[in-house]
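Just need the whole structure built from these sequences, with the hints factored in.
Protein chains: 2
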Amino acid sequence: MSLIDTEVMRGLSTQGALSPEDKALLLGLELSPRYMSASEVLWQESEEADLFCVVKEGWAYSYRNLKNGSKQVLKFYLPGDIIGIRDFGFTRRLASAAMINKGVICPFSYQQLFELFGRSSLAAGIVATATRQQAQLSERLIYLGKYSAHEQLAHFLYEIYLRLKRIKVVKDNSFFMPLTQELISDALGMSPVHVSRTFSMLREEGLVIRNRQHVKLPDPEALARLVEFNDSYIDEFLPPSFFELLKASP
Amino acid sequence: MSLIDTEVMRGLSTQGALSPEDKALLLGLELSPRYMSASEVLWQESEEADLFCVVKEGWAYSYRNLKNGSKQVLKFYLPGDIIGIRDFGFTRRLASAAMINKGVICPFSYQQLFELFGRSSLAAGIVATATRQQAQLSERLIYLGKYSAHEQLAHFLYEIYLRLKRIKVVKDNSFFMPLTQELISDALGMSPVHVSRTFSMLREEGLVIRNRQHVKLPDPEALARLVEFNDSYIDEFLPPSFFELLKASP
DNA sequence: TTACCAACCTAACGTAGGTTATGAATTATA
DNA sequence: TATAATTCATAACCTACGTTAGGTTGGTAA
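Top to bottom, those sequences are chains D and U.
Using the UniProt record's numbering, you'd call the opening residue of the first sequence number 1 and step up by one each time.
Using the UniProt record's numbering, you'd call the opening residue of the second sequence number 1 and step up by one each time.
Just so you know, the hints here were simulated from the structure itself, not pulled from any lab data.
Hints are not guaranteed to be accurate.
Treat identical chains as interchangeable: a pair holds within one or across any two.
[What the hints assert, rightly or not] With a Cα cut of at most 35 angstroms, we get these calculated DSBU-like pairs of lysine-lysine: (1) K168 <-> K216; (2) K146 <-> K67; (3) K171 <-> K216; (4) K165 <-> K75; (5) K102 <-> K71; (6) K102 <-> K171; (7) K23 <-> K168; (8) K102 <-> K23; (9) K165 <-> K216; (10) K75 <-> K171.
This is how it looks when you write it as structure tokens:
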């Protein structure tokens with residue numbers, strides 16, 4: 001099971017959509033398989049991200065270690081799956097990855113992917129934007145899985161705060177948030193009643209002041225500490241390597 | 001707030017990475033803004049997917065209506081965010097999208113995105129693979145948010161079963177699954193003890209027979225019915241439109 | 001002004017699932 | 001082979017959160 005055997009590529013191939021160069025590139029990957037033992041780590045969270053892999057044999061998974069000692073698995077990878085493309089457009093890994101049992105993987109550098117995009121940095125930019133969204137989804141998943149309603153809501157509000165600050169619509173730690181508690185409950189997977197309860201708790205702790213659609217976070221840093229916020233997934237700019245690679249491409 | 005004002009594009013622009021054609025394309029988007037009212041629907045689940053949008057003003061969200069009458073919000077979109085790129089590489093929308101308050105959006109067709117990829121259907125294929133992964137992540141999010149442990153584990157096992165069947169390693173409804181209950185618990189956000197309890201329930205119901213790493217689903221269809229499985233996100237091939245668009249590109 | 005409705009708050013009570021603990025079955029290591 | 005370490009099953013107990021329900025507030029419309 002290799003990249004060219006991936007269902008997507010097989011589809012492209014049988015439809016005659018792959019150019020000879022594309023095919024050559026795909027088959028070239030076969031030449032550098034890595035034999036992995038069970039539990040062997042592919043990469044750790046926050047290491048430099050510069051490649052992705054096709055799982056040829058064995059199972060792998062990506063995960064995040066959490067402050068409370070547990071971990072959240074984001075995804076299991078089976079033969080034929082691509083692991084690590086999530087971090088394309090980021091400087092560092094947002095999650096760790098490891099083998100479950102022994103197997104074989106084929107690495108594929110981001111550099112090679114860039115070259116495929118040819119000249120259009122616009123295309124690369126849009127793809128990077130898409131992977132950023134996926135990163136936000138992963139964060140939400142982590143909070144849904146392992147944290148209490150209190151931590152979840154705090155995390156949610158702090159994320160909204162950061163995203164709004166980036167587009168310069170936060171003034172004096174206050175912002176406009178046109179969400180009902182019911183909509184928030186549908187996002188966080190809890191009952192509307194419990195959202196209300198949790199808002200009350202956050203208010204009593206002095207962390208959140210809310211009046212209908214007007215929200216104020218008197219001490220955003222305290223909130224961030226409460227949830228141990230990992231803001232690398234919202235970072236402002238594409239990594240410098242992104243531009244170097246673009247300039248280096250033909 | 002337009003696409004070119006998105007943080008990613010601004011980064012590309014200030015680094016001089018955007019070609020004049022890229023810039024012209026981006027600015028051309030400004031010409032077709034759509035003014036949306038509060039609660040207006042952008043698209044419904046399972047409608048044909050052929051475009052994405054940049055949110056210029058207002059808030060939007062994507063969501064899935066669930067069988068039990070509730071809904072799960074997947075993501076809130078703020079000004080500058082791109083909505084609908086998740087479905088690139090799929091025939092139909094995997095989730096609905098709607099405005100929260102009134103606002104302005106700028107549509108951008110998948111066709112235009114294809115043209116940016118130039119000749120490399122390999123690049124397009126890799127991107128499509130990445131969006132498929134995001135789709136799987138979304139499904140997991142939905143189950144984490146709104147379903148009981150019983151339904152979650154059933155869904156998880158059925159997804160593994162489908163993915164393994166696609167790569168032809170399921171024989172007689174049985175497969176090898178090198179996961180401990182602890183690892184499963186870390187993926188599903190529940191305690192190892194409860195994973196064991198839930199496996200026992202599924203066994204008593206005759207839905208799952210498991211012996212260490214060997215799993216058998218005597219009646220996969222019954223499992224699928226239990227979780228109302230939406231298998232469009234694991235579908236085998238890229239949509240026909242994908243190939244038509246590729247042939248149409250210069 | 002009155003009536004109405006959506007959004008929100010709080011309380012009382014029930015339950016799914018967490019926690020802790022113990023023992024059995026399996027696999028790994030000496 | 002004995003010994004240790006995982007993995008898993010089941011029980012007893014507890015808590016975070018769901019559910020149901022009743023009341024307050026604020027916005028809107030006649």
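For K23 vs K168, is the C-alpha pair at or below 35 angstroms within one copy, between two copies, both, or neither? between (46 angstroms within a copy, 24 angstroms between copies)
35 angstroms Cα cut-off: does K102 pair with K23 within a copy, between copies, both or neither? This pair counts as within: shortest intra-copy Cα distance 28 angstroms, inter-copy 47 angstroms.
Is it within, between, both or neither when you check K165 against K75 at 35 angstroms Cα-Cα? both (31 angstroms within a copy, 18 angstroms between copies)
Please sort K171 with K216 into within, between, both or neither, judging by C-alpha distance up to 35 angstroms. The answer is within: 9 angstroms in one copy meets 35 angstroms, while 57 angstroms across copies does not.
Could you figure out if K102 and K171 sit no more than 35 angstroms apart (CA to CA) within one copy, between two copies, both or neither? Answer is between; shortest inter-copy Cα gap is 21 angstroms, intra-copy 53 angstroms.
Within, between, both or neither: how does the pair K168, K216 come out at a Cα-Cα threshold of 35 angstroms? within (15 angstroms within a copy, 54 angstroms between copies)
I want to check one pair: K75 and K171. Are their C-alpha atoms no more than 35 angstroms apart within a copy, between two copies, both, or neither? between (38 angstroms within a copy, 24 angstroms between copies)
Cα distance capped at 35 angstroms. Does K146 pair with K67 within a copy, between copies, both, or neither? both (10 angstroms within a copy, 25 angstroms between copies)
At 35 angstroms max between alpha carbons, let me know whether K102 reaches K71 within a copy, between copies, both or neither. within (21 angstroms within a copy, 40 angstroms between copies)
Treating 35 angstroms as the Cα threshold, decide for K165 and K216: within, between, both or neither. Answer is within; shortest intra-copy Cα gap is 13 angstroms, inter-copy 51 angstroms.
When held up to the earlier numbered hints, the structure conflicts with none and fits them all.
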